[in-house]
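Participant: Given these sequences and hints, build the entire structure.
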Amino acid sequence: MKILRPLLPLLSLAAAEIVAFAVPDSPLHQPAKHPYFAVLLIIAVAVYFIAATAIYFKNRNNSAAEKPVFYRGPFLAGVILFLNLLNIFTVKTALFPVLYFPALDRVFGTLFEDRTLILKCIGFSMGILLKGVAGGLIIGFFMGIAIGFSKAAEYWINPLIRILGPIPSTAWIPILLVVFSEARSASSFIIGISVWFPTVVLTSSGIANVKNSYFEVSSTLGAGQLQKIFRIGVPAAMPSIFLGLFNGICGSFVALMTAEMIGAKYGIGWYVNWQKEMMAYSNVYAGLIVIAVMFYLVITVLFKIRDRVLGWQKGVIKW
Amino acid sequence: MVGSIRFEGVKKTFHTVTGETVNALSGVDLEIEKGKFVCLIGPSGCGKSTMLRILAGLDKPTEGSVYIDDEKVKKPDCDRGLVFQDPNLFPWLNIYDNVAFGLKVRKLYKERSADISEYMELVGLKGFEKSYPHQLSGGMCQRASLARALIGHPKALLLDEPLGALDAFTRMNMQDELLRIKAEKDMTMIMVTHDVDEAVYLADKIVVMTPRPAKIEKVIDVDLHQPRDRNNPEFIRLRSEILKILDFAGKEPEVEYNI
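Residue numbers (the working numbering), protein chains in the order written: chain Z, 1 to 319; chain Y, 1 to 259.
In short, the hints are calculated from the structure, not lab data.
It is possible that part of the hints are untrue.
[What the hints assert, rightly or not] Derived lysine-lysine pairs resembling DSS-like cross-links, with alpha carbons at most 25 Å apart:
{"no.": "1", "chain 1": "Y", "residue 1": "K130", "chain 2": "Y", "residue 2": "K155"}
{"no.": "2", "chain 1": "Z", "residue 1": "K211", "chain 2": "Y", "residue 2": "K130"}
{"no.": "3", "chain 1": "Z", "residue 1": "K151", "chain 2": "Y", "residue 2": "K60"}
[Unchecked claim] To give an idea of the interface, some chain Y residues facing chain Z are shown, with a C-beta separation under 7 Å as derived from the structure:
{"no.": "4", "residue": "A56"}
{"no.": "5", "residue": "L58"}
{"no.": "6", "residue": "G102"}
{"no.": "7", "residue": "V105"}
{"no.": "8", "residue": "R106"}
{"no.": "9", "residue": "F128"}
{"no.": "10", "residue": "Y132"}
[Said to hold, decoys possible] From chain Z, some residues computed to sit far from chain Y (all C-beta separations above 10 Å):
{"no.": "11", "residue": "D25"}
{"no.": "12", "residue": "Y56"}
{"no.": "13", "residue": "K67"}
Predicted model only: the values in this text are computed from it and were never measured.
Quick reminder that beta carbons are idealized off the backbone N, C-alpha and C, glycines included.
Facilitator: Here is the structure:
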């Protein structure tokens with residue numbers, strides 16, 4: 001097993017490279033400019049080996065290392081095998097419909113050849129996402145605190161949340177197109193709404209569930225009202241607040257994709273939609289890969305922040 | 001030295017959900033001299049915790065008032081430290097920051113940060129500064145919560161069954177710690193307990209309370225010197241006296257005659 005771990009990805013890579021270079025392409029597929037797929041696999045395996053070696057040397061004197069060296073080796077081999085099969089079924093034999101299942105060379109080629117436009121789209125999407133999430137988070141957070149601590153705020157704001165909150169954020173589109181002159185602001189607003197609702201609900205319920213004795217203890221220690229809110233209520237409700245933020249951000253991805261289809265000029269959701277209409281399916285897949293990586297990174301950053309803020313919690317789930 | 005406490009005609013009534021009125025405390029007058037260790041003892045429902053909460057300022061009396069150093073108690077403040085049965089440490093702060101909490105909210109942290117290690121040492125938690133509450137045992141958490149209450153130099157320390165959740169050995173150990181801390185820091189301590197032994201072992205004055213109506217039945221001055229011997233005849237006599245007042249002394253075995 002120990003030997004197999006680094007060996008498996010190499011074997012799988014060799015098989016994939018043999019298929020890529022030795023087996024002729026089906027004439028039904030358009031030829032790609034370069035063998036992107038084969039090169040990418042080699043780069044991926046090389047990067048993996050460099051990283052694994054670096055980790056090995058870092059943990060060499062640490063017998064308590066959690067995972068063995070090349071722990072992910074078999075997994076990587078599996079991924080390569082899957083891509084290899086996909087390559088066989090598409091470009092090599094044309095068993096899958098040629099139009100909807102383009103050659104992997106062309107999918108990865110798009111990522112490289114179309115990079116200026118894709119980068120521009122990523123920047124555009126992230127800008128909208130950041131603006132919307134920040135707005136929704138800040139408003140939801142402070143509204144949640146107000147509802148959690150003030151009877152008057154609960155009386156006036158809570159019914160509003162119950163009525164407006166469950167409306168799917170995309171249902172606002174017809175109104176937003178009239179209110180906002182710019183599609184960008186409308187998109188940010190939709191994302192803001194989708195983040196705001198879970199954040200406000202889980203912030204206020206988190207604060208309502210804080211043990212009353214924490215507040216009592218803090219008042220006998222001399223804490224004033226504001227200190228009770230920000231030194232007791234907020235940190236104690238933080239697990240719940242993060243849950244709301246997590247739900248909100250996942251919802252915001254859906255909102256972002258929809259928002260970009262309402263007259264945006266750029267954006268990764270727009271890119272996928274536009275390429276679909278052009279029947280350029282290699283570009284559609286490239287766009288989907290970019291979306292997956294982008295959102296994976298956003299969630300990873302969120303969880304890294306959570307691990308830092310909520311390190312005091314027992315048994316947190318690692319991402 | 002400060003910390004004299006006076007209850008004057010303190011009554012407290014609650015209204016239950018069903019609309020009934022419950023007398024949690026029906027008229028309490030009590031004078032506690034400064035620097036004394038006072039135990040409030042009695043079965044559940046006798047109003048001893050209510051007395052402590054009113055003194056802490058967490059509950060308002062329906063009638064009457066409480067004074068500390070002739071100043072009327074209106075709201076919770078740092079001159080009365082409070083320790084519950086549950087340590088109630090803030091789980092998001094490590095032990096050091098928990099103890100420092102009182103200083104930080106009162107903006108005294110900069111000038112008095114040296115106190116923190118002194119109090120950590122006083123309660124025997126040196127070396128656990130960086131630990132989080134869930135990593136410590138119940139007894140250690142209770143020590144930390146003592147340090148947190150003591151750091152603000154309260155005139156009186158209010159203890160609401162602080163040792164109730166601890167095992168018997170930790171408990172006896174903590175009783176001695178409390179006496180040591182009191183001797184070192186010189187303050188009034190008022191403790192609610194269910195445990196007659198504990199009360200006789202610790203207190204200068206024992207306030208025995210009964211439920212329905214919730215009031216003080218008897219105030220007993222304990223004239224034993226510290227440290228006390230649990231097998232001293234006077235100790236045993238006091239214990240049976242209190243148990244008798246609380247009606248837990250048990251029946252004398254009836255003599256059976258078999259002919």
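Participant: Each hint should be assessed against the structure and marked as holding or not.
Facilitator: Cross-check of the supplied hints:
no. : hint            : verdict
1   : Y/K130 / Y/K155 : 29 Å, violated
2   : Z/K211 / Y/K130 : 23 Å, holds
3   : Z/K151 / Y/K60  : 20 Å, holds
4   : A56             : 6 Å, holds
5   : L58             : 5 Å, holds
6   : G102            : 4 Å, holds
7   : V105            : 4 Å, holds
8   : R106            : 5 Å, holds
9   : F128            : 15 Å, violated
10  : Y132            : 5 Å, holds
11  : D25             : 60 Å, holds
12  : Y56             : 31 Å, holds
13  : K67             : 25 Å, holds
Hint check: violations occur at hints 1, 9; the rest are consistent with the structure.
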